[in-house]
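Student: Assemble the whole structure, with the sequences as input and the hints as a guide.
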Amino acid sequence: MTLEEARAIFANDRFATQAAGIRIDSCGLHTARCSMKITSAHLNAMGKVMGGAIYTLADYTFAVAANSEGLQWVSAQSSVNFLSAAAEGILSAEASCEHEGRNTCLYTIKISDGNNKQIAIVSAVGVRVAGNQ
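Our numbering numbers the first residue of the sequence shown as 1 and each following residue consecutively.
Heads up, some of the hints might be wrong.
As the list claims (entries may be wrong) - What follows is a set of in silico ranges between Cβ atoms, one per label pair, in the way DEER data are often shown:
(1) S78 / G21: 15 to 23 Å
(2) A87 / V127: 28 to 36 Å
(3) L106 / A45: 28 to 36 Å
(4) S26 / H99: 15 to 23 Å
(5) G47 / A130: 39 to 47 Å
(6) I9 / S40: 37 to 45 Å
(7) R14 / G70: 28 to 36 Å
(8) T104 / N44: 27 to 35 Å
(9) T104 / Q18: 26 to 34 Å
(10) A85 / I9: 26 to 34 Å
(11) Q72 / N44: 16 to 24 Å
(12) G51 / G101: 23 to 31 Å
Unchecked claim - Taking lysine-lysine pairs in the DSBU-like style, the calculated list, with each CA pair at most 30 Å apart, reads:
(13) K37 / K48
(14) K48 / K117
(15) K37 / K117
(16) K110 / K37
(17) K48 / K110
Worth flagging that the hints you see were computed from the coordinates, not collected in a lab.
No residue lacks a Cβ here, since even glycine has one placed at the ideal position from N, Cα and C.
Tutor: Below is the structure:
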């Protein structure tokens, strides 16, 4: 899937693209890089990026990477490890495939800020959607 195709397909993920403002920067076979400019809407009561915003960035990046060969994978379980706080700038997420089987896949998504400081690491398990095998 080309970058333009991925952007067109995943524009339908309106929460990620419209509400959170996430953009696909690059994609390839089982990989993706997305970014999100931090706005006041992303901040929690302490002035730091809310965990849900970080997770949305990770989940969207997983979706783009896992579905690089067509829409067939959905997230089934994720584990988020928050490593550091962010409050401004741009967050970037990079997803890479650790394993893809017949019915399940495993991806690692690394979130970093503009200074390449790691903000979070997400492990996402996907399942193949019935009928798309």
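Student: Hints first: check each against the structure and report whether it holds.
Tutor: Verification of the hints:
no., hint, in the structure
1, S78 / G21: 15 to 23 Å, "holds (21 Å)"
2, A87 / V127: 28 to 36 Å, "holds (35 Å)"
3, L106 / A45: 28 to 36 Å, "holds (34 Å)"
4, S26 / H99: 15 to 23 Å, "holds (22 Å)"
5, G47 / A130: 39 to 47 Å, "holds (43 Å)"
6, I9 / S40: 37 to 45 Å, "violated (29 Å)"
7, R14 / G70: 28 to 36 Å, "violated (21 Å)"
8, T104 / N44: 27 to 35 Å, "holds (33 Å)"
9, T104 / Q18: 26 to 34 Å, "holds (30 Å)"
10, A85 / I9: 26 to 34 Å, "holds (32 Å)"
11, Q72 / N44: 16 to 24 Å, "violated (34 Å)"
12, G51 / G101: 23 to 31 Å, "holds (29 Å)"
13, K37 / K48, "holds (13 Å)"
14, K48 / K117, "holds (15 Å)"
15, K37 / K117, "holds (15 Å)"
16, K110 / K37, "holds (16 Å)"
17, K48 / K110, "holds (18 Å)"
Of the hints listed earlier, those the structure fails to meet are numbers 6, 7, 11, in rising order.
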